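Residue-level listing of the chains:
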Amino acid sequence: MEVSGRSSFKPHIVEEWVGKVYTILCVFVLVVTIAAMVYFVASRGLSTFITNGVSLAGLLSGLKWDPDGDPALFGALPFIFGSFATSLLAAAIAAPLGCCAAVFMTQILPGVGKKFMQPVIELLAGIPSVVFGFVGLSIVVPVLRAVFPGQGIGIAAGAIVLSIMILPTITTIAADALASLPFGLREGSFALGATRWQTIWRIVIPTALPSLLTGVVLGMSRAFGEALAVQMVIGNAPHIPRSLFESASTLTSVITLDMGNTIMGSAHNNALWSLALILLLMTFVFVFVVRMLERRSVR
Amino acid sequence: MNAKLADRIATAVIYAISGLIVCVLLGLLGYIVIRGIGHISFHFLTAEPETIKAGGGIGPQLFNSVFLLFLTMVITIPIGLGAGIYMSEYAKPGRITDGIRLIVEVLSSFPSIVVGLFGLLVIVNVFGLGFSLLSGALALAVFNLPLMVRLTEQAVRGVPREQKEASLALGLSRWKTIVSVMLPIAMPNIVTGTILAAGRVFGEAAALLFTAGMSSPRLDFTDWNPLSPFSPLNPMRPAETLAVHIWKINSEGLAPDASQIAAGASAVLILMVLLFNLGARWIGRLLYRKFTATK
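Chain order of the listed sequences is G and Z. Counting in this note's numbering, the first sequence runs from 35 upward without gaps. Counting in this note's numbering, the second sequence runs from 37 upward without gaps.
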């Protein structure tokens, strides 16, 4: 008894250790990856200020981006403005649409919603961003050019393309939030004689509001970081546009276009890394906002 | 306003908007497929691309996309599974676990272009792998890992507690329980999720611009020695994928039929993604039936 106990005891322990060490190593890879990312992007991005002597305020508020000029000017405000304008506008278009779709899927026709709308939304989520860019170039831009003054490229085109891209994110999260509301909530409202719309507008949406906002913020975060689809339709001119239909730039589009043409370690290259650092910091801001909203919705 | 009237108007508006969304999607898919399908032929799918002449194909790009996807999955699946299992089974609730969860969340919300830049700096330059398939696969792994971790964790958490406790009660170790009892039950969900994640990786481009490169050498499809520079299987060669190719010809295409090539390549990309989507559902159902012995 004792012998057989001991012989099965050992592999048991070894097996347990192998499993534990293996899974911890996997987690360790994640931790190292993120630490390396923050470290390397920050070390490059900060050298603009340290070795090239550009002031932080100058980068954030400068209006002129002329890295090859003499003296070279690194004003990134037009790109920061472009990024915020396109992603805010995209969220403003997609949020009401996504919430409507979510209400339809969960409150009005749940059966059809599950069978028909959900696969549609999932398919939309799977379309690659370059395809959105291609569609933007071949449909959105020509239509805008025909209807409004200007070339059709610009913030409006970028925002429309992005709004379709982030629609699935917003819809999915909103639908999950609405579907997980307590069962008695709607029935109570109906019992008091409220109509369906009164129930949705006064009870369901206010209760789920933090979760709905989480979806909108996640969508905005995706729009903020999206590079290629925007780069294809926005026109990429380094100034603040005077209208929505005039060529503009975003942080991501300028990095996409210029990174390959600069020499590693030059002032121009470092300035692009600073833009990447801004993107990285914005990611942290978005994650923070989402966490705050989630804490609210749990309460 | 009359409450009943308001109810009716609101319902109509919601119907209309939902219908609009469905129409936009169907219109989008229809537009891409119909515009591109006329251009898809055996020649288009296999031929080399042309830079300034008409009649180029997307053969190497298509091969690169599939091969890169394969390499990415070889890297991410073991690590993602391990980390996901740790999160669901070994991690005790507390500061460290919360920290890891935050890391996964942040990692999954990094813009893909920042992941690409990180790849350019660290993988391409510091590790000296150059613009290569391997660099691209490593960058895509960073992009794909958080997805794998999250879906593994959810799938393993979804296993009924009784199954796990019965196995532990029989005297099996925790690791043995995870590998031979819980993973098989979680498998249908993991496989479905993995295929969907693969579909996303297939269409990813921004992270690849600076890691796998924007060019493809002339490939010799008769040379299957992975060490030869012209072999398609060599992981150290630069490789332009289908998604990157679409971006490039839209931005700087010089061929006279660039827009047709873009349309055709977009259609191929969309059809592949559709295939992944349907395949994931089908395989998920199949595995579910096999593992649970239900109809």
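A portion of the hints provided could be inaccurate.
[Said to hold, decoys possible] Straight-line alpha carbon distances no greater than 30 angstroms define the calculated DSSO-like cross-link-like pairs of lysine-lysine that follow:
1) K326(Z) to K149(G)
2) K148(G) to K284(Z)
3) K200(Z) to K212(Z)
4) K128(Z) to K44(G)
In short, the hints are calculated from the structure, not lab data. Source: prediction; values computed, not measured.
Status of each hint after checking the structure:
1. K326(Z) to K149(G): 24 angstroms, holds
2. K148(G) to K284(Z): 38 angstroms, violated
3. K200(Z) to K212(Z): 11 angstroms, holds
4. K128(Z) to K44(G): 25 angstroms, holds
In the structure shown, a violation is registered for the earlier hint numbered 2 alone.
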